[in-house]
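This is what each chain is made of:
Protein chains: 2
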Amino acid sequence: MENFSFQIIKKDRKSSARLGEINTPHGRIHTPAFVSVGTQATVKSLSPDELKDLGAEIILANTYHLLLRPGDKIIKYLGGLHKFMNWNGPIMTDSGGFQVFSLGLALIHGVGKIANIFPEEANFKPPTKNKDKFTKIDNDGVTFKSHLDGRTHRLTPEKSIEIQENLGADIIFAFDECTSPLSSKNYTGLAMKRTHNWATRCLKAKKRKDQALFGIVQGGEYGDLREESAKFINSLPFFGFGIGGSLGKSKKDMHQILEWTVPLLDEKKPRHLLGIGEPEDLFNGIERGIDLFDCVIPTRIARNRTVFTKKGRFSLVKSEFIKDKNPIEKGCQCYACRNFSRAYLNHLFKAEEILAHRLATIHNLYFIMNLMKQIRESIRGNRFLKFKNEFLRRYKKSGI
Amino acid sequence: MENFSFQIIKKDRKSSARLGEINTPHGRIHTPAFVSVGTQATVKSLSPDELKDLGAEIILANTYHLLLRPGDKIIKYLGGLHKFMNWNGPIMTDSGGFQVFSLGLALIHGVGKIANIFPEEANFKPPTKNKDKFTKIDNDGVTFKSHLDGRTHRLTPEKSIEIQENLGADIIFAFDECTSPLSSKNYTGLAMKRTHNWATRCLKAKKRKDQALFGIVQGGEYGDLREESAKFINSLPFFGFGIGGSLGKSKKDMHQILEWTVPLLDEKKPRHLLGIGEPEDLFNGIERGIDLFDCVIPTRIARNRTVFTKKGRFSLVKSEFIKDKNPIEKGCQCYACRNFSRAYLNHLFKAEEILAHRLATIHNLYFIMNLMKQIRESIRGNRFLKFKNEFLRRYKKSGI
Numbered sequence: 001m002e003n004f005s006f007q008i009i010k011k012d013r014k015s016s017a018r019l020g021e022i023n024t025p026h027g028r029i030h031t032p033a034f035v036s037v038g039t040q041a042t043v044k045s046l047s048p049d050e051l052k053d054l055g056a057e058i059i060l061a062n063t064y065h066l067l068l069r070p071g072d073k074i075i076k077y078l079g080g081l082h083k084f085m086n087w088n089g090p091i092m093t094d095s096g097g098f099q100v101f102s103l104g105l106a107l108i109h110g111v112g113k114i115a116n117i118f119p120e121e122a123n124f125k126p127p128t129k130n131k132d133k134f135t136k137i138d139n140d141g142v143t144f145k146s147h148l149d150g151r152t153h154r155l156t157p158e159k160s161i162e163i164q165e166n167l168g169a170d171i172i173f174a175f176d177e178c179t180s181p182l183s184s185k186n187y188t189g190l191a192m193k194r195t196h197n198w199a200t201r202c203l204k205a206k207k208r209k210d211q212a213l214f215g216i217v218q219g220g221e222y223g224d225l226r227e228e229s230a231k232f233i234n235s236l237p238f239f240g241f242g243i244g245g246s247l248g249k250s251k252k253d254m255h256q257i258l259e260w261t262v263p264l265l266d267e268k269k270p271r272h273l274l275g276i277g278e279p280e281d282l283f284n285g286i287e288r289g290i291d292l293f294d295c296v297i298p299t300r301i302a303r304n305r306t307v308f309t310k311k312g313r314f315s316l317v318k319s320e321f322i323k324d325k326n327p328i329e330k331g332c333q334c335y336a337c338r339n340f341s342r343a344y345l346n347h348l349f350k351a352e353e354i355l356a357h358r359l360a361t362i363h364n365l366y367f368i369m370n371l372m373k374q375i376r377e378s379i380r381g382n383r384f385l386k387f388k389n390e391f392l393r394r395y396k397k398s399g400i
Numbered sequence: 001m002e003n004f005s006f007q008i009i010k011k012d013r014k015s016s017a018r019l020g021e022i023n024t025p026h027g028r029i030h031t032p033a034f035v036s037v038g039t040q041a042t043v044k045s046l047s048p049d050e051l052k053d054l055g056a057e058i059i060l061a062n063t064y065h066l067l068l069r070p071g072d073k074i075i076k077y078l079g080g081l082h083k084f085m086n087w088n089g090p091i092m093t094d095s096g097g098f099q100v101f102s103l104g105l106a107l108i109h110g111v112g113k114i115a116n117i118f119p120e121e122a123n124f125k126p127p128t129k130n131k132d133k134f135t136k137i138d139n140d141g142v143t144f145k146s147h148l149d150g151r152t153h154r155l156t157p158e159k160s161i162e163i164q165e166n167l168g169a170d171i172i173f174a175f176d177e178c179t180s181p182l183s184s185k186n187y188t189g190l191a192m193k194r195t196h197n198w199a200t201r202c203l204k205a206k207k208r209k210d211q212a213l214f215g216i217v218q219g220g221e222y223g224d225l226r227e228e229s230a231k232f233i234n235s236l237p238f239f240g241f242g243i244g245g246s247l248g249k250s251k252k253d254m255h256q257i258l259e260w261t262v263p264l265l266d267e268k269k270p271r272h273l274l275g276i277g278e279p280e281d282l283f284n285g286i287e288r289g290i291d292l293f294d295c296v297i298p299t300r301i302a303r304n305r306t307v308f309t310k311k312g313r314f315s316l317v318k319s320e321f322i323k324d325k326n327p328i329e330k331g332c333q334c335y336a337c338r339n340f341s342r343a344y345l346n347h348l349f350k351a352e353e354i355l356a357h358r359l360a361t362i363h364n365l366y367f368i369m370n371l372m373k374q375i376r377e378s379i380r381g382n383r384f385l386k387f388k389n390e391f392l393r394r395y396k397k398s399g400i
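Protein sequences, first through last, are from chains A and B.
Under UniProt numbering, residues 1 to 400 are what the first sequence spells out, in order.
Under UniProt numbering, residues 1 to 400 are what the second sequence spells out, in order.
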């Protein structure tokens, strides 16, 4: 592949954390890295310039959404995703497999990637009455109806790669079947086999030399399946790995799944924990050898009025902020904190002004980017676990 | 008054157009100028930096809205509007009189400032069933119910000035009663007398020395009333003038009203045509001696997917733009046109992404700011009417 490499610069002595660099045709990603989610070819509310300014090095766009609108062929005609959205840095696209899940099993089971965090924070709509009409999975691929206009679409491994080649991201993913934390072991095993078969078909289908393909490890919350999947996917010539699918019923389960999976993956290749990324998850993932994360939470909770601080999250619409002259977080160097008070943000949210979404999004992404930077520095300085403990001692999920 | 002045730099030979400068404690405004509307202490979707970048020199915030939320006393406590919204340039606030109108007569009559442009472009919601419950006007002031929580508020000339002093804008307006294009001559005359009485009360009530007060000429579409009002308001020691209220039943009526009014106003003081500002209106107002305009149209139509170009307006969601690689307007130097295609904007609007609102707003305000700059240059170069004719020959309101 042209212009792609992954180098490990430093390994932590006391954990599996590692400092690295992924080089792509559109630039370098310092790992561990958080990938900002730009589902519809825009990180919601932000301009590409703002993203660069807050330290983002890579973004993720969703194949499923872009297939439906405006269409991958149109984006190809317009010069590809980078040109379309005017983001000149690295981009990754997912395979569409996760959205098949979110329109299928996730709706039937009413769950997300981790059972007990749905529906508050997961990436799904609540179960609908015609939930079983959306998606049909067979060994060759998936047939589903567009959530936009009800038209029927078909995704196969070959089709997913074709679409992702049309979109033109730097890093693309193999088409996989996600299972839910409530899927039986039997079904999870069947879906895993299908994912393995599709993984080989994706590698075969891939034509472009300027994209790196990641394979996805499935197997749900079952140790033997996860190990089987990690070994199989590791045996194929992928550039890197995604760890996908159900991550169990609790964050503890998720940690266990990483401990089963990551040690079986070639340490010379980057590892992406798909769809995860609260501050505590970043630490716990990195400790277990994860290099890449993507998650909608920082941007989604921002639009829902909630911001991250070192002490935890809080809602900006609390009445105590009406007259608060302080920034969201003292000392924070983001554009929102350098220029505006909590009182102003409180007002903007109550008045339903767009600028509220922008400023909270900038703050939250800056917070995460800055946290990742500090984590990288802590690995470089042989003090990752120390920094983790210090940070998490102060950080309360329930807020300040 | 401290640090306030208005200088006329050049007068057009063939029309009443003039080039000038208003100096305020927060900086200079080059006139003729378009004042961007930031109703709730934010120009919808934009950051203050973006506003500066696109050439805005002054913004207008609405007293009525800020009184109701977050409250003028809170804004005062937080250091005033400039600090609250982090806009360090000049600000003006209206008096609240116009909103009294828009919640009262405008709803009853179902009209705007010019009868035939409602409801498409005017600043009002459609008539409601309990329309007559909102507002009660008497000679001392106005009692109305908040559109937010139904609580009763009272505005008088003294109260309007107090609120505007708390908000702390550079330019403030006298409290007036707006009539509708459908008001009788008798009622319009009564409202005008009230406005005159309130004008003197506002002058008396004003305490702060670092704000300039504009008086408002009323009189609806009636020549004798407009003349009476212009003479009376001109006789008082205001820093400048607003031309407010009903501007008739057509744009022709509006021009007639300006021709009655403007010649009676001291030419050494600035004149603001309130709530008006489509491209053709700017030319026609400036030709008749107007120095300042404010209008929500550029920002509102932007959020409604419509953009200005030299050839006219058009909607970005037309299907012909799905694959259009061109910017909104070739040669335009705004951030949107320098970086994004019509196809991308078409996608963002269809996908209901916030960035669509931002980019279209930036383009439209830049378009208007740039037009005003060109108009100023044309006055300086003794070719204002020539430029007006050239521009309007190409510009079709119906779009390209």
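Take the hints with a grain of salt, since some may be wrong.
It does not matter which identical chain is meant; a pair holds if it fits inside one copy or across any two.
Stated by the list, open to error - Within a straight-line C-alpha distance of at most 30 angstroms, the following computed BS3-like cross-link-like pairs (lysine-lysine) qualify: (1) Lys330 x Lys52; (2) Lys76 x Lys350; (3) Lys76 x Lys52; (4) Lys52 x Lys83; (5) Lys310 x Lys83.
Hint data in this document are derived by calculation from the structure and do not stem from the laboratory.
Hints the structure violates: just list their numbers, smallest first.
-> Violated: none.
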